[in-house]
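Novice: In case you want the letters, here they are:
2 protein chains.
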Amino acid sequence: MNKKKFDGILLSHGGGGKETSDLIGGIIFNGLYGQDAGSGYFYELNNGNGRHKGGGIATDIPKTDMTEQNQKIKLLEDAAVLKSPQKIAFTTDSFTVSPIFFKGGDIGKLSVAGTVNDLSVMGAKPLFLSLGLIIEEGFASGDLRKIINSISEEADKTGVRVVTGDTKVVPAGKADGIFINTSGIGEILYDGLSVYNITAGDIIIVSGNVGDHGAAIMSQREGIEMDVEIESDCASLWDMIAALLADGIKVSAIRDATRGGLAAVLNEWTVAAGVDICVEEDKIPVSGPVKGFCELLGFEPYQLACEGRAVFAVKSEFARRALDILKSHPLGKNANIIGTAEAGGKINKVILKGIYGVDRLLDYSSGELLPRIC
Amino acid sequence: MNKKKFDGILLSHGGGGKETSDLIGGIIFNGLYGQDAGSGYFYELNNGNGRHKGGGIATDIPKTDMTEQNQKIKLLEDAAVLKSPQKIAFTTDSFTVSPIFFKGGDIGKLSVAGTVNDLSVMGAKPLFLSLGLIIEEGFASGDLRKIINSISEEADKTGVRVVTGDTKVVPAGKADGIFINTSGIGEILYDGLSVYNITAGDIIIVSGNVGDHGAAIMSQREGIEMDVEIESDCASLWDMIAALLADGIKVSAIRDATRGGLAAVLNEWTVAAGVDICVEEDKIPVSGPVKGFCELLGFEPYQLACEGRAVFAVKSEFARRALDILKSHPLGKNANIIGTAEAGGKINKVILKGIYGVDRLLDYSSGELLPRIC
Numbered sequence: 000m001n002k003k004k005f006d007g008i009l010l011s012h013g014g015g016g017k018e019t020s021d022l023i024g025g026i027i028f029n030g031l032y033g034q035d036a037g038s039g040y041f042y043e044l045n046n047g048n049g050r051h052k053g054g055g056i057a058t059d060i061p062k063t064d065m066t067e068q069n070q071k072i073k074l075l076e077d078a079a080v081l082k083s084p085q086k087i088a089f090t091t092d093s094f095t096v097s098p099i100f101f102k103g104g105d106i107g108k109l110s111v112a113g114t115v116n117d118l119s120v121m122g123a124k125p126l127f128l129s130l131g132l133i134i135e136e137g138f139a140s141g142d143l144r145k146i147i148n149s150i151s152e153e154a155d156k157t158g159v160r161v162v163t164g165d166t167k168v169v170p171a172g173k174a175d176g177i178f179i180n181t182s183g184i185g186e187i188l189y190d191g192l193s194v195y196n197i198t199a200g201d202i203i204i205v206s207g208n209v210g211d212h213g214a215a216i217m218s219q220r221e222g223i224e225m226d227v228e229i230e231s232d233c234a235s236l237w238d239m240i241a242a243l244l245a246d247g248i249k250v251s252a253i254r255d256a257t258r259g260g261l262a263a264v265l266n267e268w269t270v271a272a273g274v275d276i277c278v279e280e281d282k283i284p285v286s287g288p289v290k291g292f293c294e295l296l297g298f299e300p301y302q303l304a305c306e307g308r309a310v311f312a313v314k315s316e317f318a319r320r321a322l323d324i325l326k327s328h329p330l331g332k333n334a335n336i337i338g339t340a341e342a343g344g345k346i347n348k349v350i351l352k353g354i355y356g357v358d359r360l361l362d363y364s365s366g367e368l369l370p371r372i373c
Numbered sequence: 000m001n002k003k004k005f006d007g008i009l010l011s012h013g014g015g016g017k018e019t020s021d022l023i024g025g026i027i028f029n030g031l032y033g034q035d036a037g038s039g040y041f042y043e044l045n046n047g048n049g050r051h052k053g054g055g056i057a058t059d060i061p062k063t064d065m066t067e068q069n070q071k072i073k074l075l076e077d078a079a080v081l082k083s084p085q086k087i088a089f090t091t092d093s094f095t096v097s098p099i100f101f102k103g104g105d106i107g108k109l110s111v112a113g114t115v116n117d118l119s120v121m122g123a124k125p126l127f128l129s130l131g132l133i134i135e136e137g138f139a140s141g142d143l144r145k146i147i148n149s150i151s152e153e154a155d156k157t158g159v160r161v162v163t164g165d166t167k168v169v170p171a172g173k174a175d176g177i178f179i180n181t182s183g184i185g186e187i188l189y190d191g192l193s194v195y196n197i198t199a200g201d202i203i204i205v206s207g208n209v210g211d212h213g214a215a216i217m218s219q220r221e222g223i224e225m226d227v228e229i230e231s232d233c234a235s236l237w238d239m240i241a242a243l244l245a246d247g248i249k250v251s252a253i254r255d256a257t258r259g260g261l262a263a264v265l266n267e268w269t270v271a272a273g274v275d276i277c278v279e280e281d282k283i284p285v286s287g288p289v290k291g292f293c294e295l296l297g298f299e300p301y302q303l304a305c306e307g308r309a310v311f312a313v314k315s316e317f318a319r320r321a322l323d324i325l326k327s328h329p330l331g332k333n334a335n336i337i338g339t340a341e342a343g344g345k346i347n348k349v350i351l352k353g354i355y356g357v358d359r360l361l362d363y364s365s366g367e368l369l370p371r372i373c
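One line per chain: the protein sequences are S and G, in this order. Numbering that gives the first Met the number 0 numbers the first residue of the first sequence as 0 and each following residue consecutively. Numbering that gives the first Met the number 0 numbers the first residue of the second sequence as 0 and each following residue consecutively.
These aren't lab readings, by the way, just hints derived from the structure by calculation. Hints should not be assumed to be uniformly reliable.
Heads up, simulated SDA-like pairs for lysine to any residue below, C-alpha to C-alpha not over 20 Å straight-line [claimed, not checked]:
(1) S:Lys348 <-> S:Tyr195
(2) S:Lys86 <-> G:Thr198
(3) S:Lys86 <-> G:Tyr195
(4) G:Lys86 <-> S:Lys348
(5) G:Lys282 <-> G:Lys352
(6) S:Lys86 <-> G:Gln85
(7) G:Lys314 <-> G:Tyr195
(8) G:Lys86 <-> S:Gln85
(9) G:Lys249 <-> G:Arg319
Listed next, with one range per pair, are the computed distances between beta-carbon atoms [said to hold, decoys possible]:
(10) G:Ser315 <-> S:Asn196: 55 to 65 Å
(11) G:Lys156 <-> S:Asp190: 24 to 34 Å
(12) S:Gly137 <-> G:Asp226: 37 to 47 Å
(13) G:Gly297 <-> S:Leu296: 54 to 64 Å
(14) G:Leu188 <-> S:Lys156: 46 to 56 Å
(15) S:Leu296 <-> G:Leu188: 34 to 44 Å
(16) G:Glu294 <-> S:Gly137: 33 to 43 Å
(17) S:Gly353 <-> G:Lys156: 25 to 35 Å
(18) G:Gly297 <-> S:Gly137: 43 to 53 Å
(19) S:Val357 <-> G:Lys156: 51 to 61 Å
(20) S:Ile223 <-> G:Leu188: 37 to 47 Å
Here chain G is said to cover these stretches of chain S; the calculated rule only asks that three of the stretch's residues, wherever they fall, bring their Cβ under 8 Å from a Cβ of chain G [unchecked claim]:
(21) 80-88
(22) 117-124
(23) 202-214
(24) 333-342
Just so it is clear, the structure is predicted and the values come from calculations on it, not from any experiment. Note that the Cβ used here is the ideal one computed from N, Cα and C, for glycine as well.
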């Protein structure tokens, strides 16, 4: 493989033929499956149409092994063939974040964690991912390698597999570097989690500091200098969530706080469940640097995006135990009980009980606070 | 809903909040689920984060009904919860076609048919689709409506359901109108189809005229005037493919000819299966206008993209019967037997037996023949 070809992505890398197979074989398959090539994986370049279709053929693998990385990858097929559990969760997310590399992660890590988390909050163990790339002509191939490696690393953390993919290249000026879509399939291990289950009396817990991702992206994009560089919280949450659910904690609903932050999750819950939610400002964990950033720029940290925080509504008798379990997990060490769902009136609302006894409404962020945060 | 808001898509339509819920509720949900709203569907706007997560909760639906449009849609969840068969196919495709509206279809129809076909050629009945939209700021909302309607119409033809989605808006100049990703889950009804099954002696059948989609897009994009406007063959092929498989025809492999056209499929097959493939030029169906277009511009019709044609490798004793079944389907009326797989040498190749007895190699298209064909 001629490395020189990869100084930048060319339109011909998306046109089929030799260049496409170099791109897909050299960067994408190598990055995703390369290290496993000796242990039962089989792959061949797709010479023809710029797609990296991966078909995992699971033959006689027992159900308990289904989630392990032991399904042979057969490429050159049009779809992955997979053994599946009876009840699955299915989700999709596109990632257009700018900048694509940021402190604490990059668009690759984010695109795995985001979809892993959407499955996880439904009580579904993430099993399979698809990977759709839209790459702008001229994109640096070194950057693509880094992104694919991030995808591979982040997928390994949860044991989720990229089993099918697609790559398109569009002319310069018709995209912005790279856009990634991941769709995910998970096995429902804990059934019945739903925003519609939340009732008055449920205790609201957040798994860690809020606003880190939004503040990290915004400060980096706008070139705002901080004493301490803010790091995104971008992380895959399945392990932490599974620990809670495996313990038998009675959970009504879980949601990962992404665009719109904690405020969006809580407001959506009031609408879906017909409750008010009352949270105490001094209980909501916010890091010092994010607090400083928000004071400097007049933002509400509760409206800034997270990418590695989950919000839980749990039945009150389980709240202490839930908190203990979360705090014992590295991703949940700053978890806290922040409030309660209450019987709602005609218009449901989120009430923020201020530190000095002054209550106010915590609303959605408005307008285009920060496009391309994820 | 204030219709005036929708003259064009704004960044704030992707930022969460009221505008996002107007976009998703007003255009996307309405277009996808609107007509069914009275018959058991439940939907609410997602006010928070610009994602239109759709969760289809299947409770006590018997397995035979699983593929019917009878699963309740519960929105505001992070993933669709679905009953699934034991063995599924999973695939993804991003669509960046330009122009987005073309004779015979649009990017919406294409994004459903493309993924439906990738499942179909694996013997999988398409069940569920995800829908990821990346929209450029300023995109006309009337165009978005048209596209969503096309998606809905095309999905209905196969009975596949859009069960989860995601919408992002990026600033003007950072995308080109609209990009769509669809991922699909299908139930494997006919097991064992694989390009690796093709053996010498297999008969190669194509389901109709080749090159229509490529010629339609290219002539429209470049403003080439033809006597007869060429129409894309864009179509969902599950019904036709299922008819063949249900009859018990012994099929080694099926592939939909997309980017790279018939030539790419046949060349990939030679690589995967280690055979040569010998096809007779006068047996390959090409329409008069596409022939004229190719002669005018020096293209090889066999290298132009199709979006509604399948190529079959069938065991020879089933070839006639397979052809009859295909020809009895409206999408297969121009089907033909075009050649044979033969024992291959060291380097596998596709041989095109010319009309005047002159044989030549049919190679992949090279370079960037036509970016953004799909």
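Novice: None of the hints should be skipped; say for each whether it holds.
Specialist: Here is how each hint holds up against the structure:
no. : hint                              : verdict
1   : S:Lys348 <-> S:Tyr195             : holds, 16 Å
2   : S:Lys86 <-> G:Thr198              : violated, 37 Å
3   : S:Lys86 <-> G:Tyr195              : violated, 31 Å
4   : G:Lys86 <-> S:Lys348              : violated, 44 Å
5   : G:Lys282 <-> G:Lys352             : holds, 10 Å
6   : S:Lys86 <-> G:Gln85               : holds, 9 Å
7   : G:Lys314 <-> G:Tyr195             : holds, 14 Å
8   : G:Lys86 <-> S:Gln85               : holds, 9 Å
9   : G:Lys249 <-> G:Arg319             : holds, 12 Å
10  : G:Ser315 <-> S:Asn196: 55 to 65 Å : holds, 58 Å
11  : G:Lys156 <-> S:Asp190: 24 to 34 Å : holds, 33 Å
12  : S:Gly137 <-> G:Asp226: 37 to 47 Å : holds, 39 Å
13  : G:Gly297 <-> S:Leu296: 54 to 64 Å : holds, 58 Å
14  : G:Leu188 <-> S:Lys156: 46 to 56 Å : violated, 35 Å
15  : S:Leu296 <-> G:Leu188: 34 to 44 Å : violated, 56 Å
16  : G:Glu294 <-> S:Gly137: 33 to 43 Å : holds, 34 Å
17  : S:Gly353 <-> G:Lys156: 25 to 35 Å : violated, 56 Å
18  : G:Gly297 <-> S:Gly137: 43 to 53 Å : violated, 28 Å
19  : S:Val357 <-> G:Lys156: 51 to 61 Å : holds, 58 Å
20  : S:Ile223 <-> G:Leu188: 37 to 47 Å : violated, 56 Å
21  : 80-88                             : holds (count 9)
22  : 117-124                           : holds (count 5)
23  : 202-214                           : violated (count 0)
24  : 333-342                           : violated (count 0)
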